[in-house]
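Colleague: Build out the structure end to end from the sequences listed, making use of the hints.
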Amino acid sequence: MAENKKIPDVDHSRYDFRYAETSDEYMREEDGFTEEIIRRISDEKDDPEWMREFRLKCLELYNDMDMPCWGPSIEELDMNKIASYVRHKSDMKNNWEDVPSDIKETFEKLGIPQAERLSLAGVGAQYDSEIVYHNLKEEVAKKGVVYTDVETAIKTGYEDVVKEHFMKLIRPTDHKYAALHGAVWSGGSFVYVPKGVKVDIPLQSYFRLNAAGAGQFEHTMIIVDEGADVHFIEGCSAPKYNVANLHAGCVELFVKKNAKLRYSTIENWSKNMFNLNTKRALIEEGGKMEWVSGSFGSHISYLYPMTILKGDGSKMTYTGITFSGEGQNLDTGCKVVHIGKNTSSVITAKSISKSGGIGMFRSSVVIEKSATDSKCSVSCDSLMLDSISRADTVPAMDIKAYDADVGHEAKIGRISDEAVFYLMSRGMSEEDAKALIVSGFADSVSKELPMEYAVEMNNLIKIEMSGHKA
Amino acid sequence: MNTHTILEIKGLSTSVGEEKTPILRSVDLSVDQGQTHVIMGPNGAGKSTLGFSIMGSPVYEIEEGKIVFEGEDITELSADKRAQKGIYLSFQNPIEVPGISMRSFLKSSLQQLTGKRMKFTEFNKELEEAMALIGMDPSYADRDVNVGFSGGEKKKAEILQLLVLKPKLAILDETDSGLDVDAVRTVSEGIKVYKEKYGGTLIIITHNAAILESLDVDKTHVLVKGKIVESGGAELTEKINRDGFEKYTDG
Chain A
0 MAENKKIPDV
10 DHSRYDFRYA
20 ETSDEYMREE
30 DGFTEEIIRR
40 ISDEKDDPEW
50 MREFRLKCLE
60 LYNDMDMPCW
70 GPSIEELDMN
80 KIASYVRHKS
90 DMKNNWEDVP
100 SDIKETFEKL
110 GIPQAERLSL
120 AGVGAQYDSE
130 IVYHNLKEEV
140 AKKGVVYTDV
150 ETAIKTGYED
160 VVKEHFMKLI
170 RPTDHKYAAL
180 HGAVWSGGSF
190 VYVPKGVKVD
200 IPLQSYFRLN
210 AAGAGQFEHT
220 MIIVDEGADV
230 HFIEGCSAPK
240 YNVANLHAGC
250 VELFVKKNAK
260 LRYSTIENWS
270 KNMFNLNTKR
280 ALIEEGGKME
290 WVSGSFGSHI
300 SYLYPMTILK
310 GDGSKMTYTG
320 ITFSGEGQNL
330 DTGCKVVHIG
340 KNTSSVITAK
350 SISKSGGIGM
360 FRSSVVIEKS
370 ATDSKCSVSC
380 DSLMLDSISR
390 ADTVPAMDIK
400 AYDADVGHEA
410 KIGRISDEAV
420 FYLMSRGMSE
430 EDAKALIVSG
440 FADSVSKELP
450 MEYAVEMNNL
460 IKIEMSGHKA
Chain B
0 MNTHTILEIK
10 GLSTSVGEEK
20 TPILRSVDLS
30 VDQGQTHVIM
40 GPNGAGKSTL
50 GFSIMGSPVY
60 EIEEGKIVFE
70 GEDITELSAD
80 KRAQKGIYLS
90 FQNPIEVPGI
100 SMRSFLKSSL
110 QQLTGKRMKF
120 TEFNKELEEA
130 MALIGMDPSY
140 ADRDVNVGFS
150 GGEKKKAEIL
160 QLLVLKPKLA
170 ILDETDSGLD
180 VDAVRTVSEG
190 IKVYKEKYGG
200 TLIIITHNAA
210 ILESLDVDKT
220 HVLVKGKIVE
230 SGGAELTEKI
240 NRDGFEKYTD
250 G
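Respectively, the protein sequence lines represent chains A and B. Taking numbering that gives the first Met the number 0, I'd label the letters of the first sequence as residues 0 to 469. Taking numbering that gives the first Met the number 0, I'd label the letters of the second sequence as residues 0 to 250.
In short, the hints are calculated from the structure, not lab data. Warning: the hint list may mix true and false statements.
According to the in silico footprint, chain A covers these stretches of chain B (three or more CB under 8 Å from chain A) [said to hold, decoys possible]: (1) 46-57; (2) 96-103; (3) 107-117; (4) 225-239.
Bear in mind the structure is a predicted one, so any value in this text is a computation, not a measurement. Built from N, CA and C at the ideal position, the CB exists for glycine as well.
Modeller: Written as structure tokens, this is what we have:
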């Protein structure tokens, strides 16, 4: 019986702390996904009727759809042992002082309030199913930027906007876990940046799944209006349990004419997490989408951010790294569809695997007939730290335009003993030498991140490497 | 001069690979502090293996013998521990390390070796001086270690590291190969400074007499098929440059 697989782990203490969730302070739905549960969540949120119907329809779809059959096995994920909804009984705050103390301490340990003071324009913090804190700097709010959760957006004058965009880019029919998301989604972020507004410093949402055996299903919707510019960062972590947790979020990004969005993720879910997340972006004429992604955590991930370059001259870059250690099977990738003329995309992916970890990178490039004069380049580099780890690349290309310029490059290799020896001959320990080579390998990704996150990523690499057995 | 033996190799035999192919066969070598030894030999004689074995490369299995550095048996020590004791190897093919600049790499190495923290200003000054000495463009300090360097710049960078790290014993493995005449001159200038200013001890593996011109060679050893077949003074270097290795390889 492997349903509650326990994975021996390196010291993750910085992320692993947790506070007991006493039953009188928290409300927790019973495990499983039934119509009654969905109705209760909908009541709890006081959904408008269309949303309630949408949820129920999604549940039907979920029940009818098959499990994905092409990626790593998720058979050990027992959906009857996952709680769809867990929340603290207090409401969302916009002042850290008012956040319940156990939750506040958790986020303080993760450095979120500190980061907000130093370098962020706005912060959202989700704890289990609900956002517990949201705040936006006054000067940013004054420009008309909206940053809240989707539930609040619906209730504060953006119902039409939400209705127009919600699960239109990612359809519940896309796959089983998108359908599930539609049924039980809760929390997440709603961002609207008005025409021409440039937000100089990033917004950040942090997602913490603290409850054992629970799911997190946050919905992120970002609309960057014409000529606007914003950088959004999402961070996620969870303490380690020996029961399975599930993350099935959805991210829908709308980049309008000549607008720019950078979406950065540092994901460090615990190694009992099934991360079945879906992200998609639609880019209009002259718009630019930049993805930066660091995936370190989870037991199994399915994660393939997709970009639709709809408008002429729209652009996309994807810079991502995955680090899979013992007991991890991280199936990641990137998908792009060129529709507009003169569109371009650059995909740069790195993967590191060690101690038996599996890193798979799938790229899918579609260039439609309409996308004349378009360019795409894909490069994928994998570094394996030992002979029991695995790295694979699966590129797929579907080019319908006659003049597309498409390139693909993949390199898979083991860490070079020669390089380790070279560094050791300069006084570095074997562990430090390997860590240095790995961070050097990751450097092209970390330098895309804001300073604090680059430091965070390097720390994660160090944590991972310190558990590395030579 | 108050000299002492810094390196003593006794009956060293090494092999490589699962087949345990023998490379070095019972090599003896004794080097005094401050001396300059030259190792010459035809291709495939085991010269680089000797350098790698002194540095502690895990590629070569030590079958027999021992390596004593400053009176301590270091045969079992890993390369980092040997570096901390003061041994340095200038690689014949320096490795590219993406993602870290020469400057921060050297600074952290130096701190690791000395166990002392160093101020940036102090370190930068030292680095700049060393770069000027060997005619390296200062911009190389902020480039990733050896990444995209030409063959010649890589070799210069090895000597740069030598000058910054100031080890007690430096093994230079064909540092002069692939260098043009001018580069050989600047590199040997750097080596001379290491020897004279810092009292360094050198084991130079080379095919080329040019690099030795400005250095006083104390001993020359001829390595053939994993054995030291002849040792002598500086005159042996000249002899080999004139006559080649035929005498040792025939029959």
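Colleague: Give a verdict on every hint.
Modeller: Hint-by-hint comparison with the structure:
1. 46-57: holds (count 4)
2. 96-103: holds (count 4)
3. 107-117: holds (count 4)
4. 225-239: Violated - the stretch 225-239 of chain B has 0 residues with a Cβ nearer than 8 Å to chain A, which falls short of three.
When each numbered hint is compared with the structure, a violation occurs for hint 4 only.
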